[in-house]
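Order-wise, the sequence lines are chains A and B. In terms of numbering that gives the first Met the number 0, the first sequence opens at residue 0 and continues consecutively. In terms of numbering that gives the first Met the number 0, the second sequence opens at residue 0 and continues consecutively.
Be aware that one or more of the hints could be misleading.
Chain B side only, calculated, beta carbon under 7 Å to chain A, not exhaustive [unchecked claim]:
#1 SER45
#2 GLY48
#3 THR51
#4 ASP53
#5 VAL62
#6 ASN65
Computed list of chain B residues with no C-beta within reach of chain A, every gap over 10 Å [stated by the list, open to error]:
#7 LYS27
#8 THR33
#9 ASP38
#10 GLN70
#11 LYS75
Partial list, derived from the structure: chain B residues whose beta carbon lies under 8 Å from chain A [what the hints assert, rightly or not]:
#12 ALA15
#13 ARG16
#14 ASN42
#15 LEU47
#16 LEU50
#17 PRO55
I should point out that these hints are in silico values taken from the structure, not numbers from a laboratory. We put the beta carbon where it would ideally sit given N, CA and C, even for glycine.
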Amino acid sequence: MLKGVGVSPGISIGKAFLLDRRKIKVEKFTIAGDMVEEEVARFMDALQKSREQLLQVKEKLTHDLGDQGHAHIVDVHILILEDEMLVNEAINIVREERVNAEWALRKVLTRFANIFDQIEDPYMKERKSDIEHVGQRILHNLVGEKMRSLDGFEEDVIVVAHDLSPADTAQMHRGRVIGFATDLGARTSHTAIMARSLEIPAVVGLENICTFVKTGDPIIIDGTDGVVIVKPTPEEFRDYLEKQRRFKYVIQELLKYTDQPAETLDGYKIEIMANIEFLDDIPHVLSRGAEGIGLYRTEFFYMNSPKLPTEEDHFRVYKRLAEQVSPRQATIRTLDLGGDKIESKLHVMDEPNPVLGLRAIRFSLKHSDLFRLQLRAILRASAYGKLRIMYPMISGIEELQQANLILAEVKDELSSEGIYFDEDIPVGVMIEIPSASITADLLAKEADFFSIGTNDLIQYSIAIDRGNEHVAYLYEPLHPAVLRLIKRTVEAGHSEGIPVGMCGEMAGDPLSTLILLGLELDEFSMNTASIPIIKQIVRSVRLEQATELAYKAMSFSTAKEIEEFVLREMSSKFPEFF
Amino acid sequence: MPKQTVFIKNKLGLHARAASQIVNLANKYTSEITIQKGDVTANGKSLLGILTLDAPLGSELLVDVNGSDAQELLTKLIELIEDKFGEKN
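My request is simple: use the sequences and hints to build the entire structure.
Below, the structure is given as structure tokens:
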């Protein structure tokens with residue numbers, strides 16, 4: 000039994016699929032003279048197969064993400080695959096040296112890798128990884144192994160990997176992956192967030208699971224308790240089947256009430272919204288009881304894309320969002336990336352402290368042309384449904400005023416062009432820096448709503464790098480400082496009459512639900528999997544019970560005491576969830 | 000056979016997207032095409048070849064086209080480079 004961090008609840012029982020990023024071991028074989036042409040044909044077959052796979056990936060990406068950026072990467076891969084330098088040279092090596100195609104291909108790949116190492120331009124140098132990717136794909140097809148991509152499985156699998164990239168999880172999207180276990184990762188890593196929104200159990204931070212799991216091994220993932228069992232005994236198997244059955248039953252029961260409001264027994268109602276990244280998720284999250292989209296991330300537009308998205312690229316996606324969510328509301332967060340992510344497109348300098356550097360709204364204000372373009376697209380789309388704009392990482396009133404000034408200019412521009420948009424589109428501030436929370440009374444005067452982003456708020460108020468494993472233990476959502484900042488933000492917002500929501504991971508954590516309810520937040524926006532559970536918790540208490548619990552919790556002096564107290568209270572009230 | 004010297008004017012240079020546009024264009028023609036930068040020569044129908052030229056903004060390239068539809072390919076290619084591969088900056 001292995002213990003890691005459970006980041007997405009539920010139990011999966013199935014077969015492991017080891018996503019091994021290590022290079023395939025290629026050995027050299029001599030080919031008999033009369034077999035050479037057959038070897039060449041085998042190589043051509045592998046190329047053809049690789050090409051078909053890439054075309055499928057491309058179609059899936061275009062369809063799922065509705066964006067051409069990712070698809071273009073795949074186009075580049077196809078061109079590499081068909082590149083005569085690569086193909087002819089590999090074939091020549093097979094013919095001249097009478098060696099197996101794997102060996103010939105590896106030789107060509109190594110030669111290209113060496114050439115690219117000499118290249119000075121950092122952006123072009125990066126293409127080395129594309130060539131390696133393509134090479135690996137061909138090799139896999141040559142060896143006859145199933146390509147290690149995360150879609151197109153014919154049976155359910157539990158993916159075991161050292162780490163998963165955003166691209167991996169994008170491919171996993173609604174596929175046959177029923178769980179995953181990784182060596183690396185934390186609660187707030189991209190993959191953890193993704194697993195929760197896909198509602199598949201996941202355990203991360205297992206350190207070395209990759210070294211002793213093989214594809215095909217029977218495996219159990221308990222994403223609630225953070226446990227992974229490889230090759231379970233019959234007893235373990237039976238216990239977990241029973242546990243899985245109970246978990247499924249509870250969820251099934253909860254799903255009967257998805258259309259009920261999140262309202263306490265004495266009538267205090269909060270809005271339950273969903274955080275999403277892909278438009279395809281919309282029907283699903285609405286069916287799970289989301290009352291709108293509380294956070295639509297727009298970062299994927301810029302990631303992996305070889306060029307910057309145009310206004311039309313943005314507009315098309317936002318329009319679909321508005322239409323699909325209508326008549327409910329969707330909140331679009333403007334670009335929340337650091338310069339590091341789109342550096343290659345904009346030649347931004349490396350930063351010593353990217354987390355504290357030029358990112359989110361700071362980046363948008365500096366590169367106001369990009370910001371304007373995104374705002375134009377959001378405003379244009381606002382004619383098709385109810386949209387809200389949210390600025391990430393506002394640190395004080397000046398940034399809010401600057402952003403609003405740009406927004407006003409963009410509105411004037413559109414008006415003078417005779418383009419229709421929602422003149423009163425609500426504009427909100429994400430509260431995720433202590434300075435914003437402390438000056439929330441000032442910000443509230445010029446904002447239409449607040450949304451507390453707890454992932455960063457915790458990181459900045461406790462001063463921990465959430466990616467750094469040495470200080471990960473300090474990442475405590477229930478730290479007294481964090482609770483005080485939340486309380487202060489809610490009070491400041493309410494005294495100006497604006498709603499205060501939360502779109503951080505904490506909003507979807509059942510352990511925190513009563514505290515947040517007690518602090519009188521108006522809106523919780525979360526991953527899909529949590530929605531039914533959070534609703535159920537809200538629906539089974541009176542507001543005063545929650546208030547009492549919140550204030551009692553805040554009377555303790557350490558995060559540990561608070562956590563122990565809350566866990567005790569919650570597990571006695573809701574034994575089925577804890 | 001037509002030859003022409005041209006300078007790379009787009010900000011990102013002959014990166015993957017630009018190079019793939021060249022390859023896609025060249026593949027529509029039967030003519031052979033080589034692109035030379037300094038003492039390195041690449042086949043204009045090979046993405047990898049073009050990338051290995053390592054040609055950022057400002058690079059001087061010698062384009063050499065050989066075949067029945069050579070002139071038209073050369074003209075189209077120069078247009079593409081002059082148009083900065085459709086990049087806005």
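Verification of the supplied hints:
{"no.": "1", "hint": "SER45", "result": "holds, 4 Å"}
{"no.": "2", "hint": "GLY48", "result": "holds, 5 Å"}
{"no.": "3", "hint": "THR51", "result": "holds, 5 Å"}
{"no.": "4", "hint": "ASP53", "result": "holds, 4 Å"}
{"no.": "5", "hint": "VAL62", "result": "violated, 18 Å"}
{"no.": "6", "hint": "ASN65", "result": "violated, 16 Å"}
{"no.": "7", "hint": "LYS27", "result": "holds, 14 Å"}
{"no.": "8", "hint": "THR33", "result": "holds, 12 Å"}
{"no.": "9", "hint": "ASP38", "result": "holds, 13 Å"}
{"no.": "10", "hint": "GLN70", "result": "holds, 23 Å"}
{"no.": "11", "hint": "LYS75", "result": "holds, 18 Å"}
{"no.": "12", "hint": "ALA15", "result": "holds, 5 Å"}
{"no.": "13", "hint": "ARG16", "result": "holds, 5 Å"}
{"no.": "14", "hint": "ASN42", "result": "holds, 7 Å"}
{"no.": "15", "hint": "LEU47", "result": "holds, 5 Å"}
{"no.": "16", "hint": "LEU50", "result": "holds, 5 Å"}
{"no.": "17", "hint": "PRO55", "result": "holds, 5 Å"}
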